[in-house]
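Engineer: What follows is the residue order along each chain.
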Amino acid sequence: MKLQTGTRLGLYAVLELAREPDRTLSAADLAERFGVSSHHLAKVLRTLSGAGLVRGGRGAAGGYRFTGNRRRITLMDIVALFEPAPGQRAKEPGEDTDIGATLQRVLLEVDEIAEATLRSISLETMLKPRR
Amino acid sequence: MVAIRPAQASDLPAISALDARLTGLDKPDYWRDMLAPDRHFLVAETDSGALLGFIAGEVRAWEFGQPAAGWVFAIQIDPKQRQRGVGSALFDALVARFKAKGVTRVRTLVDRKDHLILSFFRAQGMVAGPSLQLDMDVA
Chain A
190 MKLQTGTRLG LYAVLELARE PDRTLSAADL AERFGVSSHH LAKVLRTLSG
240 AGLVRGGRGA AGGYRFTGNR RRITLMDIVA LFEPAPGQRA KEPGEDTDIG
290 ATLQRVLLEV DEIAEATLRS ISLETMLKPR R
Chain B
432 MVAIRPAQAS DLPAISALDA RLTGLDKPDY WRDMLAPDRH FLVAETDSGA
482 LLGFIAGEVR AWEFGQPAAG WVFAIQIDPK QRQRGVGSAL FDALVARFKA
532 KGVTRVRTLV DRKDHLILSF FRAQGMVAGP SLQLDMDVA
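Protein chains in written order, with my numbering: chain A, 190 to 320; chain B, 432 to 570.
Hints in this document: simulated from the structure, not taken from any laboratory. It is possible that some hints are incorrect.
With a straight-line Cα cutoff of 27 angstroms, these simulated DSSO-like cross-link-like pairs (lysine-lysine) come out [what the hints assert, rightly or not]:
1) B/K544 x A/K191
2) A/K317 x B/K530
3) B/K544 x A/K317
4) A/K191 x A/K317
Here are the in silico distance ranges between beta carbons for each label pair [stated by the list, open to error]:
5) A/S226 x B/T535: 43 to 51 angstroms
6) B/D469 x A/A290: 44 to 52 angstroms
7) B/A448 x A/L192: 16 to 24 angstroms
8) B/R513 x A/D218: 33 to 41 angstroms
9) A/L204 x B/G516: 36 to 44 angstroms
Predicted, not measured: the structure shown is a model, and the values here were computed from it. The beta-carbon is built from N, C-alpha and C at its ideal position, and this holds for glycine as well.
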């Protein structure tokens, strides 16, 4: 499964901040940790902040802190902030044909399983050491 | 305190009632069959003996071509008693019994739209298994 870059950065940032909720990290800190552009990460952090998952960040040096509930927030909650919802996707050419419709049914099945998986994994579960 | 012990016939009314309240389906015969000797049926109760929840499972070998695994058939916790670790304690107790029978794998089937129970099993460390469940409407 391929996630858009913004989605992946959103997951990295939330998980890294949620790992130690008392800790503050700047966009630059997070960018360095994951080897990505801090400009792109700053944009992602603004989206996460708008959703109430993180707070903080005044300018490039401003730090962010995790403000969500680790047990309640799932990977799907973060993915949904960055990826278009399946129902809101624009119609692709050919979808109205019988082959297109059959293919759509298969892709929908794949999406449903992916969504169920992402929705079943809380940040708490992700960050828990494996037993 | 949560005490866990094997279910007995005298627990069946409370088990059936809890399950019927949560699922809207009354199936006393199904729960009575879970008392069979080859099944593992455990209850969690308070010090005063009030039912907090239950779990049921069985070791099955070569089901769908897979080597022996402990199957979790059902778990229910009184909604007022959740978030206290009762479900995890029941799950751990069942897994310990499966291990005592020599199995090294635990398995279950979950409705993929039931996020609550999916999250519970994920939190226990379960991940997608080797099988895909397929259905067909033959009505």
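Engineer: Are the hints correct? Go through all of them and say.
Structural biologist: So, going through the hints one by one against the coordinates:
1. Only pairs whose Cα atoms come within 27 angstroms are accepted, and B/K544 paired with A/K191 is accepted, the gap being roughly 22 angstroms.
2. At most 27 angstroms may separate the alpha-carbon atoms for a hinted pair to count; A/K317 and B/K530 meet this at roughly 23 angstroms.
3. Taking the CA atoms of B/K544 and A/K317, the gap is about 24 angstroms. The hint holds against a cut of 27 angstroms.
4. A hinted pair counts as satisfied when its Cα atoms are at most 27 angstroms apart, and A/K191 with A/K317 qualifies at roughly 24 angstroms.
5. A hinted range of 43 to 51 angstroms holds for the C-beta pair A/S226 and B/T535, which are about 45 angstroms apart.
6. The hint said 44 to 52 angstroms for the Cβ distance between B/D469 and A/A290, and at roughly 47 angstroms that hint holds.
7. At about 45 angstroms, the CB distance of B/A448 to A/L192 disagrees with the hint of 16 to 24 angstroms.
8. A hinted range of 33 to 41 angstroms holds for the C-beta pair B/R513 and A/D218, which are about 37 angstroms apart.
9. In this structure the hint that A/L204 and B/G516 lie 36 to 44 angstroms apart at CB is violated, the actual value being about 24 angstroms.
Against the hints set out earlier in the document, violations occur for numbers 7 and 9.
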